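From just these sequences and the hints, can you work out the full model?
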Amino acid sequence: MFLGDFPEKEIWKQPLLLKNGLRDTPTLIGNMMIPHGNLVSYLQMPDWFDDWDNIPKETEDDPPDIKAFKRFFAGDLEYQRRRAKIIPMVVKAPTVVKMISPNPSEMTMHTPRHPVSIKKVNKVVDPVTGKTTAAAVMEVGVDFYTSAAIARIINIVMPHLGSITIDVAMVIHPPWGATGAEAEEPSACLGVWRIDQVDFLSCAQLPEKPIEVVEEEIKDIMKSLAMGS
Numbered sequence: 263m264f265l266g267d268f269p270e271k272e273i274w275k276q277p278l279l280l281k282n283g284l285r286d287t288p289t290l291i292g293n294m295m296i297p298h299g300n301l302v303s304y305l306q307m308p309d310w311f312d313d314w315d316n317i318p319k320e321t322e323d324d325p326p327d328i329k330a331f332k333r334f335f336a337g338d339l340e341y342q343r344r345r346a347k348i349i350p351m352v353v354k355a356p357t358v359v360k361m362i363s364p365n366p367s368e369m370t371m372h373t374p375r376h377p378v379s380i381k382k383v384n385k386v387v388d389p390v391t392g393k394t395t396a397a398a399v400m401e402v403g404v405d406f407y408t409s410a411a412i413a414r415i416i417n418i419v420m421p422h423l424g425s426i427t428i429d430v431a432m433v434i435h436p437p438w439g440a441t442g443a444e445a446e447e448p449s450a451c452l453g454v455w456r457i458d459q460v461d462f463l464s465c466a467q468l469p470e471k472p473i474e475v476v477e478e479e480i481k482d483i484m485k486s487l488a489m490g491s
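Using the working numbering, the first residue of the sequence shown is number 263, and each one after it goes up by one.
Because the hints were derived from the structure by calculation, they are not lab data.
Because the structure is a prediction, the values reported are computed rather than measured.
Note that CB positions come from ideal geometry on N, CA and C, so glycine has one too.
Hints should not be assumed to be uniformly reliable.
[To be verified] In silico DSS-like links for lysine-lysine, alpha-carbon gap of 27 Å or less:
no., residue 1, residue 2
1, K485, K381
2, K275, K382
3, K329, K319
4, K393, K281
5, K381, K329
6, K275, K393
7, K385, K275
8, K275, K381
9, K385, K481
10, K485, K271
[Stated by the list, open to error] Across the chosen pairs, the derived CB separations fall in these ranges:
no., residue 1, residue 2, range
11, A396, P356, 39 to 47 Å
12, D323, P356, 44 to 52 Å
13, K281, G442, 44 to 52 Å
14, D286, D315, 13 to 21 Å
15, P377, N417, 13 to 21 Å
16, A488, G439, 31 to 39 Å
17, P389, D286, 17 to 25 Å
18, G424, E478, 33 to 41 Å
19, R414, P389, 48 to 56 Å
Pasting the structure below:
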């Protein structure tokens with residue numbers, strides 16, 4: 263959990279995380295962007311994954327979960343949004359939180375109220391030595407701060423974080439309402455983690471980004487505004 267006035271969208275760029283080994287190994291980053299900062303999880307990629315430009319082709323001998331991984335990694339944003347799901351399970355919480363908590367079932371991560379963004383970053387190789395200096399990453403971001411309704415729910419939950427324990431699984435599963443071959447697609451579990459009684463007041467605050475990184479972000483924002491006009 264990282265605190266901030268505004269959540270960071272592409273947290274993989276954060277120097278603090280890079281300094282502490284974020285890109286030492288291929289990693290899938292789960293970035294929940296909330297009104298008070300970022301709730302981040304880190305999942306190591308499978309051993310057979312190296313980079314986005316050379317994802318191994320699917321074979322008939324691949325187990326179902328490996329097939330699901332390969333299709334998800336190679337798919338476009340629309341494909342990934344329809345299949346990325348979470349299964350939350352509230353283990354311990356005050357009554358007020360239990361009243362608004364979902365049942366432990368698969369929930370599509372992407373909806374108009376909390377859109378999902380996915381960023382694939384290739385590994386970096388030293389042109390002289392040929393050694394990898396930064397491993398590939400995938401950041402799966404979920405926007406929980408833009409929607410006023412979602413923000414209100416989070417504001418109810420935040421004061422109780424210190425007494426809440428939640429288990430979360432992130433899975434790849436066929437889209438809701440799928441039929442035919444799509445409904446028969448393989449599934450896989452990307453990872454499981456526990457959010458256990460977070461001491462909100464003691465959470466770290468991310469340091470400011472270098473000016474050159476901020477300048478690039480401003481350029482991207484201005485470009486998107488120009489395209490939308």
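Of all the hints given earlier, name the ones this structure violates by number, lowest first. none
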